[in-house]
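Student: Here are the chains, one letter per residue:
Protein chains: 2
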Amino acid sequence: MNKLLIVGSVAFDAIETPFGKTDKILGGAAPYIGLSASHFDIQTAIVSVVGEDFPQDYLDLLTARNIDISALEIVKGGKTFFWSGLYHNDLNSRDTLATELNVLGDFQPKVPENFKDADVVMLGNLHPLVQNSVIDQMAVQPKLIVLDTMNFWMDCALPELLAVMKKIDVITINDEEARQLSGEYSLVKAAAKIQTMGPKYVVIKKGEHGALLFHNTEVFFAPALPLEEVFDPTGAGDTFAGGFAGFITQSENISFENMKNAVIYGSNLASFSVEKFGTERMVSLTQEEVKARLKQFKLLTQFDIEI
Amino acid sequence: MNKLLIVGSVAFDAIETPFGKTDKILGGAAPYIGLSASHFDIQTAIVSVVGEDFPQDYLDLLTARNIDISALEIVKGGKTFFWSGLYHNDLNSRDTLATELNVLGDFQPKVPENFKDADVVMLGNLHPLVQNSVIDQMAVQPKLIVLDTMNFWMDCALPELLAVMKKIDVITINDEEARQLSGEYSLVKAAAKIQTMGPKYVVIKKGEHGALLFHNTEVFFAPALPLEEVFDPTGAGDTFAGGFAGFITQSENISFENMKNAVIYGSNLASFSVEKFGTERMVSLTQEEVKARLKQFKLLTQFDIEI
Chain A
1 MNKLLIVGSV AFDAIETPFG KTDKILGGAA PYIGLSASHF DIQTAIVSVV
51 GEDFPQDYLD LLTARNIDIS ALEIVKGGKT FFWSGLYHND LNSRDTLATE
101 LNVLGDFQPK VPENFKDADV VMLGNLHPLV QNSVIDQMAV QPKLIVLDTM
151 NFWMDCALPE LLAVMKKIDV ITINDEEARQ LSGEYSLVKA AAKIQTMGPK
201 YVVIKKGEHG ALLFHNTEVF FAPALPLEEV FDPTGAGDTF AGGFAGFITQ
251 SENISFENMK NAVIYGSNLA SFSVEKFGTE RMVSLTQEEV KARLKQFKLL
301 TQFDIEI
Chain B
1 MNKLLIVGSV AFDAIETPFG KTDKILGGAA PYIGLSASHF DIQTAIVSVV
51 GEDFPQDYLD LLTARNIDIS ALEIVKGGKT FFWSGLYHND LNSRDTLATE
101 LNVLGDFQPK VPENFKDADV VMLGNLHPLV QNSVIDQMAV QPKLIVLDTM
151 NFWMDCALPE LLAVMKKIDV ITINDEEARQ LSGEYSLVKA AAKIQTMGPK
201 YVVIKKGEHG ALLFHNTEVF FAPALPLEEV FDPTGAGDTF AGGFAGFITQ
251 SENISFENMK NAVIYGSNLA SFSVEKFGTE RMVSLTQEEV KARLKQFKLL
301 TQFDIEI
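Heads up: the protein sequence lines correspond to chains A and B, in order. Residue numbering for the first sequence follows our numbering, starting at 1 and increasing by one per position. Residue numbering for the second sequence follows our numbering, starting at 1 and increasing by one per position.
Simulated from the structure, these hints should not be mistaken for lab results. Because the structure is a prediction, the values reported are computed rather than measured. Check the hints yourself; a few may be wrong.
Claimed, not checked - With a cut-off of at most 27 Å between alpha-carbon atoms, the simulated DSS-like pairs for lysine-lysine come out as follows:
1) LYS24(B) x LYS76(B)
2) LYS206(A) x LYS295(B)
3) LYS276(A) x LYS189(B)
Stated by the list, open to error - Partner residues are not named here, just some residues of chain B that face chain A (Cβ under 10 Å, in silico):
4) TYR185
5) SER186
6) ALA192
7) LYS206
8) GLY210
9) LEU212
10) GLU218
11) PHE220
12) LEU227
13) LYS295
14) PHE303
Don't be surprised by glycine CBs; every beta carbon is placed ideally from N, CA and C.
Start from the sequences and build out the full structure, keeping to the hints where you can.
Tutor: Written as structure tokens, this is what we have:
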């Protein structure tokens, strides 16, 4: 079975949306990526760090989905990374109420021996130096390295981000971040410029407006599924990335044509993630539901004009 | 040949974008709709009104594209409707600098005898009473009536708008207008509610984020083609509507499956319209260019996941 290595935060999230609020629940990039990727027939491991306050239930939840957490370090006496956010009425914008890095501040990822030959590496949003250290630990060049990042690192660690970007294959960022990173307003121009910085593939996430995949002069668009209700957008981008990376790992095919399918899988899984608070929907999600919604994606996008 | 009747404003537009500005050029909904629809093998007529200041060149331009302008009234001593707008840097928002209704203020549309049996009627954005009077003049029930409107009429003539909506088949509005008209934030819920008001099909235009087509529980999404540069978005929505209506008129098929193709044709033609100021690009556009870009739309959206 092919291997996907996931590196990213594991967190407590406290979320408030117009539909309700949660106490501290399971959050962070790695669980969203991992739970999403767990819907594929692959071996998955998470490299991350939590504090002693991290409940066994959450560890069990990940293990139950066949995610290898032997490299999820538990720091004795430490506290788990905590994030709290308040979504506005349109769910497209949010205020961060709290960010307590705690044990994540000193995170030194250690790639387990049995994943140093992972086929695909998914680097969740973290300090670029941490992302870089993971790449350096790989014994075999992965078939594909996917990196997620955010505007915060463009502001505070741009040289380090640019350095790690030279070593990766795919970058996933949102539209505003693509504009900031490239200095170009047009997403076509932005993606072209970002490709000169290293990654051969650029995925631009536009939230409810879908996602664009760029490679050379090729471009593909995956819409977000129009939903009656978006309950909690937290983790949608990571769920998308997990679906993308998971599908590529399973299929062993990094052609642009197959990446189109990966982007659709990512959008598909993300469309479930936002239906409930946190990771709840991803845990209950069945293969039948995934398949049924893939059919919806076909109906949503496929047409038969003869040219 | 099937007939498409177009009713809408004919105007002088003065446009300023970050890329330049124009003096008074040909504008208004009807020319954009008509030039877009002129790319299909159909008979097209425009019902509208202009002043004596309207140049023969613009009339010739429409006639050269086989658009019947015998019902384009020219008011002696009157002045043509004038609109002036300034686009912001992102081209997604604009300020209206001037709106001088002039002869459009007293417009009484007269449907020509030979188009009272039109297969499709495209009602461009006008006062709902004017749109209604066109429907009342039809001798034969059209196969499809498409209506475009805007928030202005929701604010100032809502009862009249709701009345004409009961007589139409397809409404095209943008996302904010769909939310205003329905009181629902979710576009899925908004489209469902708008369908209870009359139109069986709801097209929600999202500008650079594409367009959604709703009918009962079915939904289809046409992306906007990602462009290196959008030069002037004026008339993109009308060009979209003209492509939609023109394709339906030509194909005589109002199934949901065929409407998907119509929405793609609309997006395709709109992607050209924004490449130059005003109607310039639509006038020079060739069938070969349209076909080549349809292929781009296929590459942009089609995937081959086996389910």
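Student: Is the interface hint satisfied for PHE220(B)? The criterion is a beta-carbon contact with chain A at less than 10 Å.
Tutor: This interface hint holds because 6 Å falls under the 10 Å limit.
Student: Does the closest beta carbon of chain A sit nearer than 10 Å to the beta carbon of ALA192(B)?
Tutor: holds (8 Å)
Student: Quick check on the hint: LEU227(B) CB to chain A CB, less than 10 Å?
Tutor: holds (6 Å)
Student: So, LYS295(B) near chain A? Judge it on the closest CB pair being under 10 Å.
Tutor: holds (6 Å)
Student: Would you settle whether the hint for SER186(B) is holds or violated, based on the nearest Cβ-Cβ distance to chain A being less than 10 Å?
Tutor: holds (6 Å)
Student: Given the proposed pairing of LYS24(B) with LYS76(B), does the C-alpha separation stay at or below 27 Å?
Tutor: The given pair, whose Cα atoms are some 20 Å apart, holds under the 27 Å limit.
Student: Would the hint linking LYS276(A) and LYS189(B) be met if the CA-CA limit is 27 Å?
Tutor: Holds, because 18 Å separates the two Cα atoms, which is no more than 27 Å.
Student: Go through the hint on GLU218(B) and say holds or violated, using the shortest Cβ distance to chain A against 10 Å.
Tutor: holds (7 Å)
Student: Answer holds if the nearest beta-carbon of chain A is closer than 10 Å to that of PHE303(B); otherwise answer violated.
Tutor: holds (5 Å)
Student: Holds or violated: are the alpha carbons of LYS206(A) and LYS295(B) at most 27 Å from each other?
Tutor: holds (24 Å)
Student: Does GLY210(B) hold up as a contact with chain A if the rule is Cβ-Cβ below 10 Å?
Tutor: This interface hint holds because 7 Å falls under the 10 Å limit.
Student: Go through the hint on TYR185(B) and say holds or violated, using the shortest Cβ distance to chain A against 10 Å.
Tutor: Interface hint status for TYR185(B): holds (7 Å vs cutoff 10 Å).
Hint violations for this structure: none, all hints satisfied.
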